[in-house]
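The lines below spell out each chain.
There are 2 protein chains.
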Amino acid sequence: MRITIIGSGNVATHLAAAFKNAGHRIAQVYSRDMHNASLLAYHVGAEAIDDLDQINPETDIFIISVKDDVIKSIAEALTKHGKLIVHTSGATDLQAISAFTNNAGVFYPLQTLSKNKEVDFFTVPLCIEGADDNITRQLVELAQTVSNNVYRVNSEQRKILHLAAVFACNFPNYLYNIAQQLLAEHDMGFEMLRPLILETAQKVQTHLPAEVQTGPAVRNDENTMAAHLQMLNNEPDLKAIYSLLSQEIIKNNNAGHGHG
Amino acid sequence: MRITIIGSGNVATHLAAAFKNAGHRIAQVYSRDMHNASLLAYHVGAEAIDDLDQINPETDIFIISVKDDVIKSIAEALTKHGKLIVHTSGATDLQAISAFTNNAGVFYPLQTLSKNKEVDFFTVPLCIEGADDNITRQLVELAQTVSNNVYRVNSEQRKILHLAAVFACNFPNYLYNIAQQLLAEHDMGFEMLRPLILETAQKVQTHLPAEVQTGPAVRNDENTMAAHLQMLNNEPDLKAIYSLLSQEIIKNNNAGHGHG
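Taken in order, these protein sequences are the chains called S and R.
Just so you know, we're using my numbering here: the first sequence kicks off at 1 and counts up by one.
Just so you know, we're using my numbering here: the second sequence kicks off at 1 and counts up by one.
The set of hints was computed from the structure by calculation and includes no laboratory data.
Because the structure is a prediction, the values reported are computed rather than measured.
We put the CB at the ideal spot given by N, CA and C, even for glycine.
Watch out, some of these pointers could steer you wrong.
Listed next, the stretches of chain S that the computed footprint assigns to chain R, with coverage defined by at least 3 CB atoms under 8 Å from CB atoms of chain R [as the list claims (entries may be wrong)]:
1. 27-36
2. 120-131
3. 174-183
4. 237-249
To be clear about the criterion: a stretch of chain R counts as covered by chain S if any three or more of its residues have a C-beta under 8 Å from a C-beta of chain S, and this derived list gives those stretches [claimed, not checked]:
5. 26-35
6. 112-119
7. 238-247
Construct all of the structure, not just a fragment, from the sequences and the given hints.
Right, dumping it as structure tokens:
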């Protein structure tokens with residue numbers, strides 16, 4: 001397919017490279033910042049533009065991968081070309097595009113992507129929604145050229161996925177940060193914790209998290225929890241996090257692995 | 001070395017197997033439960049016992065890998081044999097053993113170990129403490145036969161490591177559980193989140209967590225956070241966790257990556 005990439009951020013960069021590797025042609029890369037547009041365009045053999053008036057209509061799909069709050073205005077500006085338009089946002093309704101054209105869809109990669117970190121794109125879950133069955137089928141076909149994990153997901157489910165990703169990725173990373181700081185304050189390096197972090201994530205690749213929950217809270221080891229809270233007496237913020245999450249683990253465990 | 005394993009739980013099982021693989025001789029495996037003692041003893045070619053009176057004093061080291069609150073009484077019972085005694089607990093002072101004998105140490109594996117989950121033991125960080133320099137050297141040598149990540153760690157540092165492990169392992173696993181429940185409630189499977197969880201842990205293998213923090217909180221995206229909290233209106237516990245962790249990420253970000 002001929003693909004036009006709108007945006008030059010982390011998602012745009014990984015998507016463009018994956019499409020290029022799969023044999024698609026990246027027609028143009030648009031960014032407000034010509035430097036960023038050029039970097040990505042050069043990488044994927046495309047033309048760089050920084051003005052939507054320079055869009056070449058000879059394309060099959062526009063993939064809008066920009067900040068959530070500018071998706072609508074860009075979608076509106078692109079509808080005149082009469083081509084399929086999709087966005088890549090987890091938190092944004094299909095309606096942000098389908099308000100302007102029925103030739104609309106969503107192509108949401110459920111992964112944490114950084115420009116300078118390679119990822120095997122075939123493992124990235126792609127969550128697809130189309131304004132009609134025909135568009136959905138087209139997008140699923142396109143998605144399957146770059147990923148082995150393609151899902152049909154409606155707008156409501158996609159919002160749940162986006163929320164769940166905060167719990168599964170952003171919050172754990174912040175807890176890693178707390179652990180790293182605790183070690184640094186006592187002259188120990190983060191490398192001591194890296195195998196533990198990796199193994200914890202690897203365990204849930206084949207188990208459900210509730211099956212492999214460990215630690216003082218799940219065994220209701222009150223002595224250890226009291227000792228840990230005591231150690232955090234000078235860190236009220238960490239103490240609050242420790243208390244809340246431990247209480248939730250205890251409550252959840254008593255309720256038989258259901259939360260709420 | 002001739003090694004006697006006291007205990008048959010997760011840590012005892014992995015340690016015994018690692019020592020056996022490294023060419024050491026496991027003399028005996030003790031457990032209060034003869035069935036458990038036999039299972040592990042058979043696996044590592046040792047004698048199983050369920051009575052401390054059956055201890056064979058022809059050994060070089062006793063490794064006590066039992067619940068924290070029984071370490072002291074077992075250590076006291078073993079001192080009469082005059083051999084080196086270590087425990088494997090992150091939360092317990094060296095003093096739990098050195099109160100009875102100077103021939104004391106700690107051999108703490110900083111990893112989440114489950115009996116039915118294989119792990120490459122050479123990657124497991126082993127945190128070593130000895131009652132004197134000579135014992136420490138002996139234990140470091142022994143540790144280096146089974147792991148490439150051997151650290152000298154005093155009792156205070158070990159307690160910090162144990163606390164940090166709760167933040168780096170137990171709490172993230174619970175957050176994975178929350179994410180899994182959110183998906184299940186909307187007819188989606190946990191496999192959709194597994195690549196994200198693994199990549200999040202892999203990113204911090206080469207970066208510090210603060211360098212790769214993503215999500216609505218770190219970019220202070222108030223619209224997305226408000227939408228997420230709205231979605232959690234019927235889940236007050238999850239709302240409390242979302243609020244607290246998001247506030248902490250925002251605060252930490254403004255403070256320039258230091259917590260507190």
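Hints breached by this structure: Violated hints (numbers, rising): 1, 5; every other hint is consistent with the structure.
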